[in-house]
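Spelled out, the chains give:
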Amino acid sequence: MAFINLQNVTYKYPLTKTPVLQNINLQINEGEFVAVIGPNGAGKSTLCYTLAGFVPHFFKGEISGTVEVAGMESSKSTLDEWVLNVGLAFQNPFNQISGAKYTVFEEIAFGLENTGVPRDEMKTRVEEALKLTDISNLADRSPYSLSGGQQQRVALTSILVMQPKLLVLDEPTSQMDPIGTREVFGVIRKMAEDGMTVVMVEHKVEWIANFADRVIALKDGQILLEGKPSEVLTSDVLAENGFGISRYTSTAREAKKQGLWKKENLPVTLDEAVEGFSNW
Amino acid sequence: MKIQIDNLRFTYPTGLEALRGISLTIEAGEQVAIVGQNGAGKTTLVRHFNGLLQPTVGSVLIGDWDTKKYPVAKLASRVGYVFQNPDEQLFSKDVGTEIRFGPRNLGYSKEKIDGLVKRALALTELSDKTETNPYDLSPTWRKMVALASVIAMDTPIVIFDEPTTGQDAPSITRIAHVIAELRREGKTVITITHDIDFCAENFERVIALSEGQVLLDGAAIDVFGQDEILAQTYVEPPQLTRLGKRLGLKETVRNQEEFLNALKR
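Protein chains in written order, with our numbering: chain A, 5 to 284; chain B, 54 to 318.
Treat the hints with care, as some may be off.
Said to hold, decoys possible - Here are the computed distance ranges between Cβ atoms for each label pair:
#1 A:282 x B:146: 28 to 38 Å
#2 A:167 x B:73: 32 to 42 Å
#3 A:258 x B:81: 51 to 61 Å
#4 A:135 x B:188: 36 to 46 Å
#5 A:232 x B:164: 49 to 59 Å
#6 B:73 x A:194: 52 to 62 Å
#7 B:230 x A:141: 21 to 31 Å
#8 A:232 x B:165: 52 to 62 Å
No lab work stands behind these hints, which were simulated from the structure alone.
Predicted model, so just to flag it, every value in this text is computed and none were measured.
Note that beta-carbon positions come from the ideal geometry of N, C-alpha and C, so glycine has one too.
Next comes chain A alone, as it looks inside the complex:
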């Protein structure tokens, strides 16, 4: 059975009139790195909350269908079981930082403290996590004295340190500098190769194409397209539906009209674009 299994999931927040997720069917295997894309209001964050158990356990509201993650079924389990298996990094790191800790080191240890990890192991794991995301130099700073992008790395690290089976990331690099973004994608890719399952909401199409195994395009609470990055991200449907696309794709699409792009498929990555344009 798939590691994540969503069957006919429809969900409505307590105060909204229409469902935010509509009849979602989704299977994800262990160790897969899946990117979720979609315009504003598509239901991307709500999907993250559903996978992390926040929907419905924290947000309440009405849910139908079945949600199974790592052998747990949402309707039959509680949020405290859920947090041992699933880690969620919020869209806005300001909302995630505990406010209860004076240093980055302590902030990253916070989750481990709450789950009763022994002190020595806790220290080792925090140090390793800091190294992994390259923020050892920030360990003694206050989380609130950091820049937006640094705070975002801290938020991500505080989840990675928990070693969840499923890592759910809601735009984890939105405030990061470009090369930092690529590094973080690399770290996450490595986690997936080591067996962690990753679901990541992201707008940065070029890096999705370079690192993710599969892309899910959401619109109005429904799955519009699903498949390999090279297929989904070059689809004409995306541009017509308010999705962000890579400049390589949009430029090659225009070049094709002018006879400057001869290949059948459009590029998403730099390498694909170089290859296609080299011999027009």
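Fit chain B to the supplied structure of chain A, relying on the hints for placement.
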């Protein structure tokens, strides 16, 4: 209105020296993007423009005003600042009130305020949401409210701190349109951004900061051509610039039009 920064240094109370000797002039009506690594000092720098931070050493002049001699409330008539996180600046019960707040504080006439609010709403496509509580809107639209509330103040200088963060494609197009409109009106627009493609398509001048100093400053096309120096501050050139370089095109290109033209040559 000109901005003159002379040997600016700034040290936070924690002892962190965030700006280490910055001298810059930004002329009236310029469109400038500030790029650079997380923690390079981008936000710290622009917070000096409206007096939220005061130089430890050096000076910042906004027109003929030294920011050390004018309170933030006064500087707000010259410099509008849209925060990175809209939740740090919104507090009214509805969008209409939120957007009126700024121009009202600047003491404009009712007619002028009405006109400014209407224009800000139209530019940000919020005209149908004036009765809504900003916190009932999605983060994307809250960002638009933050933008509108600053544009409505009609300041000669407008600062955007990472306007495209977390925004979808239609929203990024809307923000580009707002910036183009401000340019047309002759306003100075200064934008911090990590979205280098957005930067390439909307700004003529680019300043790259690194560890509290200016690493590169010049025409976008010249700055983006120096990929090795940019990498020092964790910035990569725009996608099409990188592509052009890999293909061995002679000139540096920034956007689709320049790329396709260069390819045909």
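Status of the hints after comparison with the structure:
no., hint, verdict
1, A:282 x B:146: 28 to 38 Å, "58 Å, violated"
2, A:167 x B:73: 32 to 42 Å, "39 Å, holds"
3, A:258 x B:81: 51 to 61 Å, "36 Å, violated"
4, A:135 x B:188: 36 to 46 Å, "38 Å, holds"
5, A:232 x B:164: 49 to 59 Å, "58 Å, holds"
6, B:73 x A:194: 52 to 62 Å, "35 Å, violated"
7, B:230 x A:141: 21 to 31 Å, "40 Å, violated"
8, A:232 x B:165: 52 to 62 Å, "55 Å, holds"
Hints 1, 3, 6, 7, counting from the list given before, are not met by this structure.
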